[in-house]
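K.L.:
For reference, the chains in residue letters:
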Amino acid sequence: MDWSAVFGAGAIIPWLNAGIRLAMPTACAAAGETFAERAGVLNLGLEGMMLGGALASFLVSLDTGSTWIGFLAAPVVGALMALAMGLFTVKLKAEQVVTGITLVLLASSFTSFLYQELFEIQAAPPRIDRLPVVAIPILRDIPVVGPILFTQNVLVYVTVALIVLVWFLLFRTRFGLEARAVGESPVAADSNGVSVDRVRMLALMISGAMAGVGGGVLVIAQLGFYQDQVTAGRGWIAIALVYFSRWNPIWALGGALLFGVVDALQLRIQAAGGGFHNPIPFEVFQALPYLVTLGVLILAAKRQRRVGQPAALGIPYEKEAHA
Amino acid sequence: MQVDHDPDTMTGTDHDADGPAVEMRDITKRFGRVLANDAVSFDVRSGEIHALLGENGAGKTTLMNILSGFLHPDGGSIRVRGRDVKIRTPIDAFDLGIGMVHQHSALVPTLTVAENMLLGDRRTPKGFLVRRRTLAALSHSLAAAADRHGLEVPASAFVWQLSVGERQRVEILRALHREATILILDEPTASLTPPEVAPLLEKLRGMAAAGAAVVLITHHLDEVMACADRITVLRAGKRVATTTPRETTTRELAREMVGRDVQLMAVLTGEEETATDAGALVQIAPALSAVGLIADGPRGVTALFEASFEVRPGEIVAIAGVEGNGQTELEEVLFGLRAPKEGRVLLDGVDVTRARPAALMRRGVGYVPSDRYRRGLVPLMSIADNLVLDRIDRPPYRGRFSIRRRQILDTARGLIERFGIRPTSPRERAGALSGGNAQRVVLARALSSDLRVLLAAQPSRGLDVGAIGFVWDRLRDERAAGVAVLLISTDLDEVFALADRCYVMYRGRLVGPWARDAFDREEFGLAMGGASDALGGPGSASQPGTRDAGGS
Amino acid sequence: MAAEAAPIDVPGAVGGSAMQRARGVLVTLIAIIAGLVVGGVALAAAGAPPLAAYGELVRGAFGSSFGVYQSLEQAVPLAIIGVGLCVPFRAGIWNIGAEGQFYVGALCGGLVAIYLPIDQPAILIPLTFLAAMAGGGAWAYAAGWLRAHRGVNEIVSTLMMNYIALFILLYLVRIPFRDPDNLIIQSKVVPPAARLNDIPGTFVHGGILVAVFLTILIAWLLARTPFGFHVGVMGLNPEAAEAAGVDTKRMIKRVMAISGSLAGLAGIVQVEAVQLVVNGAISRQFGFTAIVVALLGRRSPVGAFLAACFLGAIAVGGVSVQQVYQIPTAILLTIQALFVFLLLAAERLVRR
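One line per chain: the protein sequences are A, B and C, in this order. Just remember that my numbering sits 182 ahead of the position in the first sequence, which is counted from 1. Just remember that my numbering sits 13 ahead of the position in the second sequence, which is counted from 1. Just remember that my numbering sits 21 ahead of the position in the third sequence, which is counted from 1.
If you're looking for bench data, these hints aren't it; they were derived computationally from the structure. Where a beta carbon is used, it is the ideal one built from N, C-alpha and C, also for glycine. Check before you lean on any hint, since a few could be wrong.
To be verified - If you only want the chain C side, here are some residues facing chain A, beta carbon under 8 Å, derived:
| hint | residue |
| --- | --- |
| 1 | 176 |
| 2 | 196 |
| 3 | 316 |
| 4 | 355 |
| 5 | 362 |
Just chain A, same shape as in the assembly:
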């Protein structure tokens, strides 16, 4: 096992660079979920929306020949799925947990069905153009940091911008203020003329769109192809990240970066031959992201004791009689 291929001087920069790229899908979904949860909606359908966005961007890219158009399809599909979920949870006041989980099951099997319908079981799925890596002039020449941060696939920059946009929307606009009010105290918001249902619906759609984008980034920027269940639980990791990041999109990005780096590490270790003829079995590395997520979850729960969680999270809002 060639450890220097993983930890040697020349390997660190590509590793971290990859880490950022790998982090983006999860970061995107987590940022969107933060917005939804701040408004009091627990969107457990995230994994399904990521899958939907992934498949949609893949299919549209293939169909139109343009990866950019394919990328644009991702948030649209994600938002539509969120709209469907919103009809159940916001309009009909169904339980958010059940609806979310069912949506994931539905999306999981439907994307499977669609993919098999369209491509049959092939050895190698068709590939799509991955969009260029853009090295930002000047910034890319900064030693160390340059090659890591500023030499990324163009979609990475796009998603970072989107995440910052979500943060901005949440904390610097009146709409975000209303969203936060709705998640903490829907009664108070309602008394002030804020339409709780509408805000929640929009927040849900934002998280759906961001999840879709995450799926699109995964397929386009990271892999270049689609396979069944390509998201492999990233949506769920994103949900864990939201708790860990105390419902702040920027911290969620940070958490996702941590994960991305770990993920990149385990891939490199496997590629360097670690695991096969080595005391540490490669399954350990494959399990690493999930183990780390679990660990993070435990630490976060211990730290916060549910302080900071939006008070009305997960509770459908129904106007009650105030007699």
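Here the structure of chain A is known, so what remains is to put chains B and C in place on it, guided by the hints.
P.N.:
Here is chains B and C on its own, set in the frame of chain A:
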């Protein structure tokens, strides 16, 4: 973007200068089976304070929620300044100059005061940027407005940091900030300390004098007599009387509020007999004592600070105080639902600080929780199920392995009868019960075992007078049976009616106890506001209470 | 995470009126009909004429005694897991980790079956069951402990543990417990003494009896015992449960352990009755489909059992449909999930 405006301009454009500012005609509103408002007509004129009087459940808040756009009426019409209007959302109401100050705060705790002001403020565009500048400018204009009206409001504080009185001031300020000319206040004095009441009523008079139309929802007769220009009484959803203070008396008003039942009236006017032989209780060992309890509340703030007290068998000890001073944490600590950081709880001398509710119940501790729908009942389950909630795993309700349904139903029927619960079918869902009946279920469950100690937290909150009388009678019965009763209450009337001794709670600290013959509303009032000498701290010098000593 | 008001109909020992029970049935009926309609549309879209496809489905599932047996066999793992899931779901605890608990159970039970030198099935099989239940139960208990004592969201923790369990299993059958005589990566074959054979006179294995037994047991547990009553109270209003003396922390751990042990049992049953080896392919998303089963059955064990049979029938009939009309089986999974959505909608609409 506009930020500066003059809240002093309170008279709007009156199309009909002589007519009422608001006219509600034949308003009807149903909630399921309950007819909350039955063809109620009500009007307010500019420059007057019109009190809307009625006991809990009479329909006052519903009526005003309709006016403020929070609810839609099933029938009837509303005219504002002579024009027919449809008020579909609170925003429509704001546009018409109607501002409501709610009983239960309509402020979001985790946002700052300034941010709360922005909610629903149509003058700032939605998408738009709440830059620091905006908030700062808003805070500035708020501070200016606050000054002008003599309302102290810390604009950049988070709402959760504010006391209840401060929050109320914020809400009043918000209504004024939105240029409300029609001001509705729902039980504004409910969460105030007695010394704070008179200044508030003064302010309302000032606002009315400046041209506002003020609706004051309350069930306190003395307030009504003191400051209202007109009084309308609602009973069971109907309007039963409209009069002026000059033309009536508190007794008459009480009669209108509850019908002819003399006993009920006495509860309201405070003429209840409070016979007690507390003097006979000399030095018996306390059944329940708390020693130096320190506990945290939400957000890690200390809620209980070295609270100590004793309750002896056969007496009712009250802990009075305005809501939000640690009462909830205290009741939770006493019943094993919250672990204190320090201190002890002793039951007949035995340390039960860490004991869980099940163990406490086995030792004879009964609990009537302050939040009856969250802690006391399971609304989706039947009355029968709720009545045996705490004892279903004990015979006779269980056989070797399984539950005995017939036993449960039998017991339930018995309790329903004994405690006068309506509707009488044990299979009805508990959530369908009115407040009074729900509390009867909770009481039935708590009082139907052999008790040593009873923790009654806000037992008559939100109840109609009949139910209040019932609750008070049951508590007295327990006292007579030798149970040590701890009464946590925000209602001084209740304390005066029931307690043998009384402590006052302020910010987690206890002051007192006062013996019954030393009960004094003014002293209590000062202690509730933190200004008591007994606290020894730099209390704010509140104005002396001006509540009428008699008849209240 | 905040507990939600779980709309379980007829909760409690002294349940609601006949009216309320009738409403519950009505809801399910509406959902089924709507589901059939939507499913028909989906089938048509996939190129299969709906009525004919449904006909083929029914024929495949019930047309022959073989079909019926197959449907039941398909239903077994779903039923066992689904019945187990009713317990935490009713308590408002979302155990999404049945898949992982299935794997752990299969692993523990399988290893006992393979390596314990006992010949009599009457002794060996129960031992394997116990091992499987202990394994699955412990795996779930861990998540329950985290939730009860550390406030860790059980949805994400159990999900993560699914993946972790799978990787543990894959490693163990690749190296320490691998069958040396086989090219495929899997454990040794389960010895005959540990196999669940077909019930004499039928073509369905003994697992169906296990499923039926458990359905009755859990149904009784939930409806007739104080434990079941407390589970219901917790799901509806945990704070009232606490104030009424229920030890909610202990309850959380217990309900997780119960459902985990049943998932583990499903795992060993599947291994001993169908797969006969332990490898990465022993589950076809049973853990997740069982969630659908429990929800379709409205969190009641009998309902879950029936839903499992329903899904089993679809799986079997679906194979015929696939062969005849050339559409992928995944569409049937899609229809299943759609059913749950429709059930949710029906529930909320009837309530209004």
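K.L.:
Are the hints correct? Go through all of them and say.
P.N.:
Hint check results:
no.: 1; hint: 176; verdict: holds, 7 Å
no.: 2; hint: 196; verdict: holds, 7 Å
no.: 3; hint: 316; verdict: holds, 6 Å
no.: 4; hint: 355; verdict: holds, 5 Å
no.: 5; hint: 362; verdict: holds, 6 Å
Checked against the numbered hints above, the structure breaks none of them.
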